[in-house]
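Enquirer: Chains B, C and D: place on chain A using the hints.
There are 4 protein chains.
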Amino acid sequence: MSNEHQIWVLTIGCNDRPGIVHAVSGACVAADGNIVECQQFSSEDSGRFFMRLTLDTVLDRAGIEAALAPVVEDLDASWELDLVSRPTRTLVLASKAGHCLNDLLFRQRSGHLNIEIPRVLANHPDLGGLAGFYGIDFEDHAVTPETKPAFEARILELVDEFDIELVVLARYMQILSPGLCEALSGRAINIHHSFLPGFKGANPYRQAHNRGVKLIGATAHFVTSDLDEGPIIEQNVVRVDHSQSVTQLTSIGQDEESRTLTEAVKLFAERRVFLDGHRTIIFR
Amino acid sequence: MSNEHQIWVLTIGCNDRPGIVHAVSGACVAADGNIVECQQFSSEDSGRFFMRLTLDTVLDRAGIEAALAPVVEDLDASWELDLVSRPTRTLVLASKAGHCLNDLLFRQRSGHLNIEIPRVLANHPDLGGLAGFYGIDFEDHAVTPETKPAFEARILELVDEFDIELVVLARYMQILSPGLCEALSGRAINIHHSFLPGFKGANPYRQAHNRGVKLIGATAHFVTSDLDEGPIIEQNVVRVDHSQSVTQLTSIGQDEESRTLTEAVKLFAERRVFLDGHRTIIFR
Amino acid sequence: MSNEHQIWVLTIGCNDRPGIVHAVSGACVAADGNIVECQQFSSEDSGRFFMRLTLDTVLDRAGIEAALAPVVEDLDASWELDLVSRPTRTLVLASKAGHCLNDLLFRQRSGHLNIEIPRVLANHPDLGGLAGFYGIDFEDHAVTPETKPAFEARILELVDEFDIELVVLARYMQILSPGLCEALSGRAINIHHSFLPGFKGANPYRQAHNRGVKLIGATAHFVTSDLDEGPIIEQNVVRVDHSQSVTQLTSIGQDEESRTLTEAVKLFAERRVFLDGHRTIIFR
Amino acid sequence: MSNEHQIWVLTIGCNDRPGIVHAVSGACVAADGNIVECQQFSSEDSGRFFMRLTLDTVLDRAGIEAALAPVVEDLDASWELDLVSRPTRTLVLASKAGHCLNDLLFRQRSGHLNIEIPRVLANHPDLGGLAGFYGIDFEDHAVTPETKPAFEARILELVDEFDIELVVLARYMQILSPGLCEALSGRAINIHHSFLPGFKGANPYRQAHNRGVKLIGATAHFVTSDLDEGPIIEQNVVRVDHSQSVTQLTSIGQDEESRTLTEAVKLFAERRVFLDGHRTIIFR
Numbered sequence: 003m004s005n006e007h008q009i010w011v012l013t014i015g016c017n018d019r020p021g022i023v024h025a026v027s028g029a030c031v032a033a034d035g036n037i038v039e040c041q042q043f044s045s046e047d048s049g050r051f052f053m054r055l056t057l058d059t060v061l062d063r064a065g066i067e068a069a070l071a072p073v074v075e076d077l078d079a080s081w082e083l084d085l086v087s088r089p090t091r092t093l094v095l096a097s098k099a100g101h102c103l104n105d106l107l108f109r110q111r112s113g114h115l116n117i118e119i120p121r122v123l124a125n126h127p128d129l130g131g132l133a134g135f136y137g138i139d140f141e142d143h144a145v146t147p148e149t150k151p152a153f154e155a156r157i158l159e160l161v162d163e164f165d166i167e168l169v170v171l172a173r174y175m176q177i178l179s180p181g182l183c184e185a186l187s188g189r190a191i192n193i194h195h196s197f198l199p200g201f202k203g204a205n206p207y208r209q210a211h212n213r214g215v216k217l218i219g220a221t222a223h224f225v226t227s228d229l230d231e232g233p234i235i236e237q238n239v240v241r242v243d244h245s246q247s248v249t250q251l252t253s254i255g256q257d258e259e260s261r262t263l264t265e266a267v268k269l270f271a272e273r274r275v276f277l278d279g280h281r282t283i284i285f286r
Numbered sequence: 003m004s005n006e007h008q009i010w011v012l013t014i015g016c017n018d019r020p021g022i023v024h025a026v027s028g029a030c031v032a033a034d035g036n037i038v039e040c041q042q043f044s045s046e047d048s049g050r051f052f053m054r055l056t057l058d059t060v061l062d063r064a065g066i067e068a069a070l071a072p073v074v075e076d077l078d079a080s081w082e083l084d085l086v087s088r089p090t091r092t093l094v095l096a097s098k099a100g101h102c103l104n105d106l107l108f109r110q111r112s113g114h115l116n117i118e119i120p121r122v123l124a125n126h127p128d129l130g131g132l133a134g135f136y137g138i139d140f141e142d143h144a145v146t147p148e149t150k151p152a153f154e155a156r157i158l159e160l161v162d163e164f165d166i167e168l169v170v171l172a173r174y175m176q177i178l179s180p181g182l183c184e185a186l187s188g189r190a191i192n193i194h195h196s197f198l199p200g201f202k203g204a205n206p207y208r209q210a211h212n213r214g215v216k217l218i219g220a221t222a223h224f225v226t227s228d229l230d231e232g233p234i235i236e237q238n239v240v241r242v243d244h245s246q247s248v249t250q251l252t253s254i255g256q257d258e259e260s261r262t263l264t265e266a267v268k269l270f271a272e273r274r275v276f277l278d279g280h281r282t283i284i285f286r
Numbered sequence: 003m004s005n006e007h008q009i010w011v012l013t014i015g016c017n018d019r020p021g022i023v024h025a026v027s028g029a030c031v032a033a034d035g036n037i038v039e040c041q042q043f044s045s046e047d048s049g050r051f052f053m054r055l056t057l058d059t060v061l062d063r064a065g066i067e068a069a070l071a072p073v074v075e076d077l078d079a080s081w082e083l084d085l086v087s088r089p090t091r092t093l094v095l096a097s098k099a100g101h102c103l104n105d106l107l108f109r110q111r112s113g114h115l116n117i118e119i120p121r122v123l124a125n126h127p128d129l130g131g132l133a134g135f136y137g138i139d140f141e142d143h144a145v146t147p148e149t150k151p152a153f154e155a156r157i158l159e160l161v162d163e164f165d166i167e168l169v170v171l172a173r174y175m176q177i178l179s180p181g182l183c184e185a186l187s188g189r190a191i192n193i194h195h196s197f198l199p200g201f202k203g204a205n206p207y208r209q210a211h212n213r214g215v216k217l218i219g220a221t222a223h224f225v226t227s228d229l230d231e232g233p234i235i236e237q238n239v240v241r242v243d244h245s246q247s248v249t250q251l252t253s254i255g256q257d258e259e260s261r262t263l264t265e266a267v268k269l270f271a272e273r274r275v276f277l278d279g280h281r282t283i284i285f286r
Numbered sequence: 003m004s005n006e007h008q009i010w011v012l013t014i015g016c017n018d019r020p021g022i023v024h025a026v027s028g029a030c031v032a033a034d035g036n037i038v039e040c041q042q043f044s045s046e047d048s049g050r051f052f053m054r055l056t057l058d059t060v061l062d063r064a065g066i067e068a069a070l071a072p073v074v075e076d077l078d079a080s081w082e083l084d085l086v087s088r089p090t091r092t093l094v095l096a097s098k099a100g101h102c103l104n105d106l107l108f109r110q111r112s113g114h115l116n117i118e119i120p121r122v123l124a125n126h127p128d129l130g131g132l133a134g135f136y137g138i139d140f141e142d143h144a145v146t147p148e149t150k151p152a153f154e155a156r157i158l159e160l161v162d163e164f165d166i167e168l169v170v171l172a173r174y175m176q177i178l179s180p181g182l183c184e185a186l187s188g189r190a191i192n193i194h195h196s197f198l199p200g201f202k203g204a205n206p207y208r209q210a211h212n213r214g215v216k217l218i219g220a221t222a223h224f225v226t227s228d229l230d231e232g233p234i235i236e237q238n239v240v241r242v243d244h245s246q247s248v249t250q251l252t253s254i255g256q257d258e259e260s261r262t263l264t265e266a267v268k269l270f271a272e273r274r275v276f277l278d279g280h281r282t283i284i285f286r
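Residue numbers (the numbering used here), protein chains in the order written: chain A, 3 to 286; chain B, 3 to 286; chain C, 3 to 286; chain D, 3 to 286.
Bound-form chain A, shown alone (with noise of 0.2 angstroms):
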């Protein structure tokens, strides 16, 4: 026992049936703590139930799990349990253009966004001054099809150093191969320039242009080897009209893409996001 109150996450995964909700509130008892915020999801398409939960205890992460251990034994679930105030560490890959990284620092620097970046990898040289004001490690590679392989190889070099949790790439703008995309599945989240899944692959600005539409976004996704098609975790739209050229839609969508993939952060960093197949659970 730690003496002190702290507030744990507890996140679960199970195949749903009757009394599992009863039956972690009971471990929770048991572990001496008070449920602040729950959310519970059961779903139709896949028969799994998913639960978020974050506990007030003075118990300290042993005490915890052992009040856990015959519940989360018996629903045969996947679960994490962590404390809320510890920050996600996270890998960030970029290239030149800064919006999203400028984002994603200054809200992580404000005390808005719970991640620590040990390292931003990038194919670029021109960011480094940027991540350098946030005191973030900023190191580059030219990415070329000849070093793509060893770009790649590094980013697993660091995932590993570094006990990376979350990759994100902030505009990265290079395809991960499919053995990275494997690599990384369920921890990497990309930003697309456009509503998915309208716009996928290259320039989505100009074909929203040619396509006359009168909404453009940004959609933060998983990342898999099946391009623009990963679980879709945050979406957002702006009105645009006919007068607006492709270089104009262009600098608009980008206040769209630097929020949506801030969001989708947050959201993974505060344990929010689960995967049920192909769709995300996301509890608010």
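I should point out that these hints are in silico values taken from the structure, not numbers from a laboratory.
The reader is advised that the hints may include incorrect statements.
Identical copies go unnamed one by one, so any copy, or any two together, can satisfy a pair.
Listed next, the in silico DMTMM-like pairs over lysine to aspartate or glutamate satisfying Cα-Cα at most 25 angstroms (straight line) [claimed, not checked]:
| hint | residue 1 | residue 2 |
| --- | --- | --- |
| 1 | K98 | E6 |
| 2 | K98 | E148 |
| 3 | K98 | E118 |
| 4 | K202 | E231 |
| 5 | K98 | E159 |
Expert: This is chains B, C and D only, laid out in the frame that chain A set:
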């Protein structure tokens, strides 16, 4: 036991303390029920705890209540239990403008709004045809300073006669007397045609035009004797610009008024609205 | 000269070149008119110039046309001139779902949508009562593979008989034949229940659920033989989450469908919609 | 004649009367110019006419002014003519919170906001590093009741020294004296962290929480001596719910504050903002 599965909605409000979720979910297990949805909130402002859950069980009301009784007594909770499928008995007050009434009636008939409307009571005859088309009884009496007490007495008579749970002021345009506000406390919803707390009182679109706002809105709120100050249930806004006259603002705003009121009525009918002092807790 | 002031709307499209605004405004001066509103746009995509203005004058049509003639001839412009107050003759095609028709009829009767509807033509009888309540002639014929040609011929008969300017597919749910699409080119508006170009084709809410999008939408577009690919006039979206079933998405989406279609019809009726190749120019 | 094409922006305000568009467009023809964009508005409230157009011509300033002179004199118009490419000289006032300043500086450097900032003047030193990173001169002085007059005098000195066209209060948090408000009339923009006219004054997020609103917002407005009552330039809102604390509302609202202020500054810098009495006319 009814021998067939039915879905019940249970709402609870009580002082917050550890173990409530476990206690209530235990009662659900005792009621042979599976929790389908469950939401709760602990208010730091008031120290109150609020919970809404839906329960799938073959027990009848008496059976569920027997399972719940010891828990809700111990919690000293206020609570309600009802079949999800039972429509909320609703009295609609109207005047001349039909957009809100039209939306309510269309949505109700379409099966998207689970209310039954035994009567529309109006201070003008204009909307009798619309009510009639939907097969709803319509009654109108002119309201003057002299007849207002009689009209308000008639409201209470109808509330009594039809065991009304919700009174909806669908652009009724008359200020209810303090006594009536008190009598209908927590069960009368008004739509105000501005984004409160901006532009209280008369002619909000005129006020909005004069102030030059860039968004206009609508607010659905509980009726209190403090005009336009009741607890807010739902709000929406829409973008406008300098070129729009008061008449155009009025036309544009009608969409927001009707969708906002209908949404508030839907939330209430689904027992998703709780009062926490002067604020509402809404479980969507 | 009619001796009384009237407001006319003039729309012009021509190849762009210097001096057009001066030339057209000169014709307005020659027509003794005061320009009340005026909007123009030069399309870089097509090199076309588009203009919409409203003119306050005491001249009658012949007088205005005489003043305009030399200018529009010199510009080799396509143009239309009409009284702002004249309602657009509109044929509505419907099926079983009434939310779009209901919104169009209510808005039209309320004076917020300047169209006249000489007939609603449907492939099911369900909405006859609704049309009847609004005093609109209603005609229905079942559409089968065998009867479809006759039904489409009937559409063209009605277009001819009532000198129809706009055909509105208010959730008509049938695909028009290429020949009919061609015949109604630029004057038939459909509502598709997704945010195009996402989720073309059937069951867009099912598709949206499966893809796990966080916003659903509706798109009003001109009908072309290329299904769901016609020029977009208006789009709206609304936020949804994982907890909403396909049925709920369908219910939520109806508001967006009806408001989006009504807005597109309003823009068309006010002569605010221009075609620039495959894109629309919208003067709001 | 400069022999090369340049784009100029011309803004005009005058009393409304027939023939203005023709007269002004005639002057544009006389200036050998092609009108690229053109917007105008006749205010029924004030009887004033407003116009903004961009002109492509090879003439220099003197040449264009010579062509315009007879027209604007005849109209007794107030007018401004400038190169579209010339950045607006902007003084930014700041305090401790950096989100608005960060957004302005990032957007400016990215080429999406056509302003130059010769100085950031603050009442706290905290944001010196941020300004420095963007290569902007930074100056700070504590503001106390005693030093406030000196600080305000310093503002006017800088306005004078750098020929400042726009003063931006980027969460400056100090109330300007009536004299300074007067001196900066029509060229000082403030961001208020609420959807005005709701929640004027201090702690708007606290007020919003207490009132239980369902949307919070931000308002960019011209500074006047009547606190939070100046003409509104831009507003945005974002949806919130009961579960969000004042701290969370504050965090959520920051995105709206910075995007709203940046947008207002952009509109002003592009000469799209006109004052019509207490309202703004915005040509987007």
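Enquirer: Evaluate each hint against the coordinates.
Expert: Here's how the hints hold up against the structure:
no. : hint        : verdict
1   : K98 / E6    : neither (46 angstroms within a copy, 33 angstroms between copies)
2   : K98 / E148  : within (20 angstroms within a copy, 47 angstroms between copies)
3   : K98 / E118  : both (21 angstroms within a copy, 23 angstroms between copies)
4   : K202 / E231 : both (8 angstroms within a copy, 16 angstroms between copies)
5   : K98 / E159  : within (22 angstroms within a copy, 39 angstroms between copies)
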